[in-house]
Amino acid sequence: MSLSELTRHILFLSTLLIASNANAEVMSANLGTPLTFAEIERFSISVYPDGENLPEGQGTAEEGKMLYRQRCAMCHGKSGTEGPSHRLAGSVGLFSIWDPLRIKRIMETNGLLVMSTGQQWPYATTVFDFVRRAMPHTAPKSLTSNQVYALTAYILYLNDLIIENEVISRINLPGVEMPAAKRFEEASRQE
Amino acid sequence: MKLSAQNYIAGGGLIDRRSLLSGSISFLAAGTIARVSSASEDSTTIADAYPAWSRTLGNSDSPYGRPSHREANVVRKLQLPAAPENSGSTAWLTPIESMHGAITPNGLHFGSHHFGVPDVDPATHELMIHGLVDKPLKFTVEHLLRYPMVSHIRFLECSGNTALNALAPFAGGESCQDLYGLVSCAEWVGVKVSDLLNEAGLKKQALWVIAEGADGGSHARSIPLSKMTDDAIIAFYQNGEKLRAEQGYPMRLLLPGWEGNTSVKYLHRLEISDRPAYTAHESGLYTEQLASGRIEGFSFPMDVKSVITHPSAGHVLDEKGFYEISGLAWSGYGSISSVEVSADEGKTWATASLHNPVNDKALTRFSIPWQWNGKSTILLSRATDDRGRSQPTRKFWKQKYTSPTFNHYNAIQPWHVDSSGRLTNVFI
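Here the protein sequences come in this chain order: A and B.
Last residue of the first sequence: 191 (this note's numbering), numbering continuous.
Last residue of the second sequence: 1428 (this note's numbering), numbering continuous.
Quick caveat, the hints were computed from the structure, so don't treat them as lab data.
All residues carry an ideal CB built from backbone N, CA and C; glycine is no exception.
Among the clues, some could well be false.
Stated by the list, open to error - With a straight-line cut-off of 35 Å between C-alpha atoms, the simulated DSBU-like cross-links for lysine-lysine are: (1) B:Lys1204 <-> B:Lys1192; (2) A:Lys182 <-> B:Lys1400; (3) A:Lys141 <-> B:Lys1400.
What the hints assert, rightly or not - Quick partial rundown of chain A residues pointing at chain B, CB under 10 Å, derived from the structure: (4) Ala29; (5) Asp50; (6) Thr138.
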């Protein structure tokens, strides 16, 4: 390659570089619109295990009981163990290998339903989060914060994790210790 | 067909594909058809020789094409009806034993719905990005569609695919569709999540993203930020057309290779965080009970897996003789590097051909020629991916977990062929 050819190549390459730099600026679409604080507040419903983002309000299992019977029992059963939908209480899901009826229980049980919320979920805050966003199944998001606290309290009470007249709020909900917390681990196979 | 000993590469009748190509197997002529042409007369036409559809003007086409009415039985199958006892979950299984190639047509893509199928209006639907970002932003669908689009052919698999083999104490009369219908593969086109996160500007404490849908249950999953910036896209198109409502219209998250539940449909909100939120699904349904008594959560990648789809449970071989064994293999960790097939109950194995293109984290078709001798046997396939991961036996898989764990089942699938040609699911 002659010197003039080399110069030409370098010039050509630098033109390309300039062009691609210009492109990089054009490529950034920047079509997002700023979110206001009020908009964020309105949709910030994720509750964290340490209680971050729990709203004001409170409730007791005693208050939750009536609401549960009206809005929840038809799917989850009178005491949260009968179903037909997800079991909320009890350890029925963990079929012991010493259970003589283990095979029969496995065969008769819908695999989706065997584990109860009380046995499987590691944090009590998740109960509040899920009831508020997704329940009742046919009318999600229709409950007030006090109602959600009361139902959360009732589900915890069904699992013997709190007493019936304990007032549950953002202050003490994160402190309710779920049996699964000690057993829960993050999978190591995440690439 | 005449076969000599050197044409076989493994027991049970597996044939070296190259011997088919080189023509060293001779096919007998199927009998010559003698047609005596009679002296033509003026009153006869050629029509008599042709079927009805060759003698009439065809039907008109329609604005949106449909499968042939003669294929009306190739449809999805409802696994669990939408009833309270099924926790409101419905799952529609892809008929993979009736399909070929590696791409799933949109109408046959599996569907799994925990809160029904919402009717989202793209004119008012928005995506919010907030939390640990410099500039919280919202995007209209119209604006998102103006961003540079990327295209990926990727499988999507429900983490509960093949759950019956994990749960059931005995193998029964399940079909291939019943067992493997919760995996599909499509070309997904959309916007890179990283483009949008860059626009909002990530704060240095950002480690997780809580992705939330606009469905009735506001389905949410906590996703490590590294996946979001690696290969996550927000998909708008599936196999060339806008997403179906069942697949998240107008837009869904698509996390290649990860359990389907994390590819949040009707994507509405990305909350950037320094930790996971422990949403309901990542706390319960999408966890596994380990034999050690521990509960494993956030087990995202779908491991390497394969299944022979032709022939498979539900099929009946009409007669002994030549068949092509064909199936699908995939891995959430990468691409498929090899698939071995056994036609003699696992005694000997031969390497199957992989059909191009062999895409990363996509269904990959494999095949191998087979001469069935009419005797009872068991067919198996065993895939290995480019990370060197391979499939366990069912016994080995079960050792890791305790009942009622059913997610992430990827054991080697045995299909029993009886002497009448009927194929069934078996545990060995």
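**Asked** So which hints don't hold here, by number, going up?
**Response** As far as the earlier hints go, only 3 is violated by this structure.
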